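**Q** As you go down the protein sequences, you meet chains A and B in turn. Residue numbers for the first sequence follow this note's numbering, beginning at 1 and rising by one. Residue numbers for the second sequence follow this note's numbering, beginning at 1 and rising by one.
Source of the hints: derived by calculation from the structure; they are not laboratory data. Treat each hint with caution, since some may be false.
Stated by the list, open to error - Keeping only pairs whose Cα atoms sit at most 20 Å apart, straight-line, the calculated SDA-like set for lysine to any residue is:
| hint | chain 1 | residue 1 | chain 2 | residue 2 |
| --- | --- | --- | --- | --- |
| 1 | A | K112 | B | H153 |
| 2 | A | K232 | A | G141 |
| 3 | A | K112 | A | M60 |
| 4 | A | K112 | B | D95 |
| 5 | B | K209 | B | E237 |
| 6 | B | K310 | B | S251 |
| 7 | A | K260 | A | G183 |
| 8 | B | K304 | B | Q280 |
| 9 | B | K233 | B | R271 |
| 10 | B | K6 | B | S31 |
| 11 | A | K112 | B | S32 |
| 12 | A | K112 | B | P43 |
| 13 | B | K304 | B | E229 |
| 14 | B | K233 | B | R264 |
| 15 | B | K224 | B | N126 |
| 16 | B | K6 | B | A41 |
| 17 | A | K112 | A | E58 |
| 18 | A | K232 | A | G207 |
| 19 | B | K6 | B | P43 |
| 20 | A | K112 | B | A258 |
| 21 | A | K112 | B | P129 |
| 22 | A | K202 | A | H171 |
| 23 | A | K112 | B | R88 |
| 24 | A | K112 | B | G154 |
What the hints assert, rightly or not - A few chain B residues facing chain A, derived, Cβ under 7 Å:
| hint | residue |
| --- | --- |
| 25 | A52 |
| 26 | T59 |
| 27 | A61 |
| 28 | Y93 |
| 29 | E172 |
| 30 | A300 |
Predicted, not measured: the structure shown is a model, and the values here were computed from it. Heads up, the beta-carbon is just placed ideally off N, CA and C, and yes, glycines get one too.
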Amino acid sequence: MNSPDQISVSELEAKALALRRHVIRMIYAAGSGHPGGSLSCADVIAALFFKVMDHSPERMGSQDRDHFILSKGHAAPVYYAALAECGYFPTEELLTLRKLHSRLQGHPSRVKTPGVEMSTGSLGQGLSVANGLALALRLLGLDRKVYCLCGDGEMAEGQVWEAAMFAAHYHLDNVIAIVDRNGLQIDGRTEEVMSLEPLGDKWRAFGWHVLFMDGNDMWQVLDTLAEAKGHKGSPTVIIARTVKGKGVSFMENNVGFHGKAPNAKEYEQAMRELGGEV
Amino acid sequence: MEAQRKSYGRALVDLGRARGDVVVLDADLSSSTRTVEFKGAFPGRFFNCGIAEQNMMGTAAGLAVGGMTVFASTFAVFATGRAYDQVRQSIAYPDLNVKIVASHAGITVGGDGASHQTMEDIALMNALPNMTVVVPADGPETYKAVLAVAERHGPAYVRMGRGDVPVVTSKEERFEIERAHVLREGADVALVGTGQMVAACLLAAEALKARGVSAKVIDLHTIKPLDVEALEKAARECGAVVTAEEHNIVSGVGTLVAAALAERYPVPMERVAMQDVFGQSGESDELMQEYGLTDREVLAAAIKAMERKK
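Next comes chain A alone, as it looks inside the complex (with noise of 0.2 Å):
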């Protein structure tokens, strides 16, 4: 494969296949998890991992890197697949997911797995850390970013906010927020729930710069991931707009699969759908 500066858009679409499949291997074999918030960001999670940011296994003690926080710590498959993929640990280890002395926590934990800066799973928690990390580069005086990838549903969460006001008070311009717009919570349809729009407005009132993008078009995620990179003086967030399960046609836009493992039957379906080997 192509080095990070190389990789073309279909050895990255290649890649988020590969992590869509891992996902499912990976739930399956624990028996419980979030399949539908892995699948809607796997594209995301590719163009970051294998493309935009600049990290390696090696650098992890040092801050001169980009950073990345998972504030929707329920996506903690597509997560440690990437991690893994990069060579943070062995990709045999994915099959360990949550089960009893798995490095692999059900949610994300900063001290038991290697590459995972920040233990999170209580929603609308992890943007406000990654403002602390922000700082801290500023601070250091690096000039890298932190990306952080926010579910929509846990905007409901009031922390949400109290970051975001934080965020534009301090001008952290090397803050990314990426809210996977999948329009889907446990208990149903997003603006069922708790309406979020207009989602973009919200944000643009609390000061920060905000682009739209298709969040499963690998183009459109380059391009937008580069807008923002370059983007002075306010934070900025991306609302992309998925679809939940993406990738498996009965898990598309289905809620039941926001926290269920497949079961045989499904899973087979889900991998010959994915291209994989069951």
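Given the coordinates of chain A, work out where chain B should sit on it, guided by the hints.
**A** Below, chain B without anything else, positioned relative to chain A:
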């Protein structure tokens, strides 16, 4: 008499001078918590978070992920109650170098009333794995505690009151987080005080002396890790123990001491604490009397505990 938070302000400035990695956050109470001293000395390393304690704790965690040693301050009721989940999830679980130093703990907040008088903060922080919990007795001990938690890895909670408290320790005395501080040796009863109740224990010990009773006084400044050795030694030496705290009796310091002694060396024990009620407005000293948190109650508890000795 001296306010603990003034010592905190001084300690922060000294720390800031010695260490470039020290960053301080506050939530719109910097003139009360005295983090304003640090802000004046090192404005580039001070960040006001506004009235948003949950975000402050998360931001503190992020700064610590970035390699900083972070002090986050506000009133104790907000630091431990309002932001409990952030402290749990983003600070304690990932074991980050965030030092939560909170002022205005306990009933001595006074006029603000029960909404601001936390009687449960020690219980909340103590229940979190990885957390160090320190409750200094006075100004000099607060100064030393702040330096000590800065040196110690991981999350810490330091509890301070609002008002002036008697000075019962000195600058020169050694302070070790792992070791309870024995202020007075004795053989008949051990008075184990926490925070400003240490001063009440010393007064009670004087009153006991006048009655021919020799009381040992321990300043239990660190609740976690608990110095179980010192407590067992006191129980063996004296055969009766009294605890005194400005905190709820439920899951407070007395509970912890009782549990430790039950396992190690059970002796008759009495606990002076808030009796599982919310406080009210009033002057600090009026409230301490109203809720039975003075040397008189410590004295009465000591006599009761000694009577129960076989």
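**Q** Evaluate each hint against the coordinates.
**A** How the hints compare with the structure:
1. A C-alpha spacing of about 17 Å is found between A/K112 and B/H153, which places the hinted pair at or below 20 Å, so the restraint holds.
2. Using a Cα cut-off of 20 Å, the hinted pair A/K232 and A/G141 holds, with the two alpha carbons roughly 16 Å apart.
3. For the proposed pair A/K112 and A/M60, the alpha carbon gap of about 14 Å is at most 20 Å, so the pair holds.
4. Straight-line distance between C-alpha atoms of A/K112 and B/D95 comes to about 11 Å, which keeps the hinted pair within the 20 Å bound.
5. Of the supplied pair hints, the one linking B/K209 and B/E237 holds, its CA atoms being roughly 17 Å apart against a limit of 20 Å.
6. Taking the CA atoms of B/K310 and B/S251, the gap is near 27 Å; set against the 20 Å cutoff, the hint is violated.
7. A C-alpha spacing of about 17 Å is found between A/K260 and A/G183, which places the hinted pair at or below 20 Å, so the restraint holds.
8. In summary, the hint linking B/K304 to B/Q280 is not supported, as the alpha carbons are separated by about 28 Å, beyond the 20 Å threshold.
9. With a CA separation close to 18 Å, the supplied pair B/K233 and B/R271 stays within the 20 Å bound.
10. Our distance criterion of 20 Å between C-alpha atoms is met by B/K6 and B/S31, whose separation comes to about 10 Å.
11. Only pairs whose Cα atoms come within 20 Å are accepted, and A/K112 paired with B/S32 is rejected, the gap being roughly 38 Å.
12. For the hint linking A/K112 to B/P43, the alpha-carbon distance of about 35 Å lies beyond 20 Å, and the restraint is violated.
13. Taking the CA atoms of B/K304 and B/E229, the gap is near 24 Å; set against the 20 Å cutoff, the hint is violated.
14. A hinted pair counts as satisfied when its Cα atoms are at most 20 Å apart, and B/K233 with B/R264 qualifies at roughly 10 Å.
15. Our distance criterion of 20 Å between C-alpha atoms is met by B/K224 and B/N126, whose separation comes to about 7 Å.
16. Restraint check for B/K6 and B/A41: the C-alpha separation of about 15 Å stays at or below 20 Å, so the hint holds.
17. A hinted pair counts as satisfied when its Cα atoms are at most 20 Å apart, and A/K112 with A/E58 qualifies at roughly 17 Å.
18. For the given pair, A/K232 sits about 13 Å from A/G207 by alpha-carbon distance, which is consistent with the 20 Å threshold.
19. A C-alpha spacing of about 18 Å is found between B/K6 and B/P43, which places the hinted pair at or below 20 Å, so the restraint holds.
20. For the given pair, A/K112 sits about 34 Å from B/A258 by alpha-carbon distance, which is inconsistent with the 20 Å threshold.
21. Restraint check for A/K112 and B/P129: the C-alpha separation of about 15 Å stays at or below 20 Å, so the hint holds.
22. Note on A/K202 and A/H171: the hinted pairing holds, with a Cα-Cα distance of about 17 Å set against a maximum of 20 Å.
23. Simply put, A/K112 and B/R88 have alpha-carbon atoms about 16 Å apart, close enough for the 20 Å limit, and the pair holds.
24. With a CA separation close to 16 Å, the supplied pair A/K112 and B/G154 stays within the 20 Å bound.
25. At a threshold of 7 Å, the smallest CB-CB gap from B/A52 to chain A is about 4 Å, leaving the interface hint in force.
26. Using the Cβ-Cβ criterion of 7 Å, the hint placing B/T59 at the interface with chain A is satisfied: the shortest such distance is roughly 4 Å.
27. Because the smallest distance between the Cβ of B/A61 and any Cβ of chain A comes to about 5 Å, under 7 Å, the interface hint for this residue holds.
28. The interface hint given for B/Y93 is met, as the beta carbon of that residue sits about 5 Å from the closest beta carbon of chain A, less than 7 Å.
29. At its closest, the beta carbon of B/E172 sits 35 Å from a beta carbon of chain A; the interface hint therefore is violated under the 7 Å criterion.
30. The interface hint given for B/A300 is broken, as the beta carbon of that residue sits about 45 Å from the closest beta carbon of chain A, more than 7 Å.
Figure legend: structure checked against the earlier numbered hints; hints not met, in rising order: 6, 8, 11, 12, 13, 20, 29, 30.
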